[in-house]
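Q: Based on the sequences and whatever the hints tell you, model everything.
Number of protein chains: 2
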Amino acid sequence: MKSIKAKEGEIFDIELEEDLLKRNEELAEKNKHLLDKNKVKAIDIMGSVGSGKTSLIKNLIVRLKKKRCLGVIAGDLTTTIDAERIKEEKVEVVQVNTGKECHLDANLIARALKEFDLRNLDILFIENVGNLICPAEFPLGSHKRIVVVSLTEGPWMVTKHPYIFREADLVVINKIDLARAMKVSVESITKDVHRIRPELKTICTNCLTGEGIEEIIKFLSL
Amino acid sequence: MKSIKAKEGEIFDIELEEDLLKRNEELAEKNKHLLDKNKVKAIDIMGSVGSGKTSLIKNLIVRLKKKRCLGVIAGDLTTTIDAERIKEEKVEVVQVNTGKECHLDANLIARALKEFDLRNLDILFIENVGNLICPAEFPLGSHKRIVVVSLTEGPWMVTKHPYIFREADLVVINKIDLARAMKVSVESITKDVHRIRPELKTICTNCLTGEGIEEIIKFLSL
Chain A
1 MKSIKAKEGE
11 IFDIELEEDL
21 LKRNEELAEK
31 NKHLLDKNKV
41 KAIDIMGSVG
51 SGKTSLIKNL
61 IVRLKKKRCL
71 GVIAGDLTTT
81 IDAERIKEEK
91 VEVVQVNTGK
101 ECHLDANLIA
111 RALKEFDLRN
121 LDILFIENVG
131 NLICPAEFPL
141 GSHKRIVVVS
151 LTEGPWMVTK
161 HPYIFREADL
171 VVINKIDLAR
181 AMKVSVESIT
191 KDVHRIRPEL
201 KTICTNCLTG
211 EGIEEIIKFL
221 SL
Chain B
1 MKSIKAKEGE
11 IFDIELEEDL
21 LKRNEELAEK
31 NKHLLDKNKV
41 KAIDIMGSVG
51 SGKTSLIKNL
61 IVRLKKKRCL
71 GVIAGDLTTT
81 IDAERIKEEK
91 VEVVQVNTGK
101 ECHLDANLIA
111 RALKEFDLRN
121 LDILFIENVG
131 NLICPAEFPL
141 GSHKRIVVVS
151 LTEGPWMVTK
161 HPYIFREADL
171 VVINKIDLAR
181 AMKVSVESIT
191 KDVHRIRPEL
201 KTICTNCLTG
211 EGIEEIIKFL
221 SL
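Protein chains in written order, with my numbering: chain A, 1 to 222; chain B, 1 to 222.
In case anyone wonders, no lab produced these hints; they're calculated from the structure.
In this text, all values refer to a predicted model and were calculated from it rather than measured experimentally.
One or more hints might be untrue.
Same chains, same label: a pair holds when it works inside one copy or across any pair of copies.
As a list, the in silico EDC-like pairs of lysine to aspartate or glutamate whose alpha-carbon atoms are at most 16 Å apart [what the hints assert, rightly or not]:
id	residue 1	residue 2
1	Lys2	Glu115
2	Lys41	Asp122
3	Lys2	Glu92
4	Lys144	Asp169
5	Lys2	Asp36
A: What follows is the structure in structure tokens.
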């Protein structure tokens with residue numbers, strides 16, 4: 001089979017792209033410093049559209065909000081659907097609309113952080129834009145990065161997106177109740193994750209029943 | 001609720017991005033000219049990971065290959081999974097690996113076109129990288145663009161990605177057999193599509209049974 005591989009920066013100006021990533025990393029460091037100063041723990045939640053990022057955040061909020069002060073940054077291209085769903089849990093939500101951009105970046109997070117009273121916050125959840133490719137290259141200054149994968153995304157989802165799993169601290173395998181309907185097994189998805197990074201932690205969840213949520217809270221020491 | 005909107009080019013250099021999109025458009029025009037000269041009809045197939053783009057192409061090939069000379073360009077970050085699946089149908093496949101880039105572009109397609117004997121080709125299917133955001137801005141020089149959505153992607157998938165539907169000539173609503181398991185209705189997805197563009201054609205498919213495939217062939221005059 002004939003095969004073509006894109007050279008880096010082939011139609012992009014590679015120097016500018018490197019510069020952009022460097023500027024993003026510097027801003028991410030600044031965000032982390034600000035969060036640390038205010039003792040806020042930030043969790044970046046990445047995953048494809050429909051993987052269940054919003055449902056996961058809602059489940060975490062329900063279990064944490066009595067003991068912790070919580071905030072959420074909800075990233076999306078143009079809508080406020082996810083932010084509205086999270087607001088039902090009565091926590092502070094800042095909506096970030098990226099327009100046509102396919103990921104959050106550290107600059108947008110810096111702007112969003114100004115909208116919170118960080119001194120009164122313990123945990124900040126950041127829901128990234130639904131995309132498994134672009135968010136990987138843009139750290140935001142969070143302390144941990146989660147990738148949410150859903151069994152509905154088919155059998156090759158992990159194998160096709162190695163970069164995002166290299167950046168993750170935890171993989172949440174969601175919608176495990178649909179394994180039979182989707183003819184996908186949790187074991188094979190887990191194996192695919194460990195083929196990319198053998199030590200990467202995976203936790204199975206069902207956001208309809210709350211299965212697995214306590215394990216996430218314990219693993220991340222929330 | 002507090003809300004932040006990204007300004008265009010906020011951390012990107014906006015002039016360069018415009019220049020990049022312009023260069024891509026010029027290359028796309030060249031690709032189209034080359035295809036037209038050789039009487040090849042090219043179809044760009046976009047959609048999220050796991051939506052069923054590869055299965056759709058395989059279904060189309062099975063029905064068309066006796067009457068038409070077919071070729072496929074299979075885009076993916078790093079793997080050859082989709083290309084290998086398509087090769088089972090004994091048509092010419094060129095694999096394009098984009099590395100970290102989240103979409104095909106007209107330059108990569110220009111390189112891939114050189115690998116085909118275009119004089120002996122009637123139809124070229126181009127499977128874009130699994131992503132609902134970035135491919136929208138990068139025309140490839142194809143004659144028609146299809147977006148494949150799957151009922152497994154949840155109820156907000158269309159509403160959250162207006163740009164890609166504005167670029168499409170046809171929306172394929174796939175995996176309709178899973179409507180009940182996913183608690184998502186075909187009617188509401190169709191309504192969401194028509195809220196973005198009332199005249200946009202939608203066709204429902206089940207790639208396991210072949211339902212809807214003939215309707216696509218007819219609609220696109222393949």
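Q: Decide, hint by hint, whether the structure agrees.
A: Status of each hint after checking the structure:
no., hint, in the structure
1, Lys2 / Glu115, "between (52 Å within a copy, 7 Å between copies)"
2, Lys41 / Asp122, "within (6 Å within a copy, 57 Å between copies)"
3, Lys2 / Glu92, "between (52 Å within a copy, 9 Å between copies)"
4, Lys144 / Asp169, "within (6 Å within a copy, 41 Å between copies)"
5, Lys2 / Asp36, "neither (50 Å within a copy, 23 Å between copies)"
Of the numbered hints listed earlier, the single one contradicted by the structure is hint 5.
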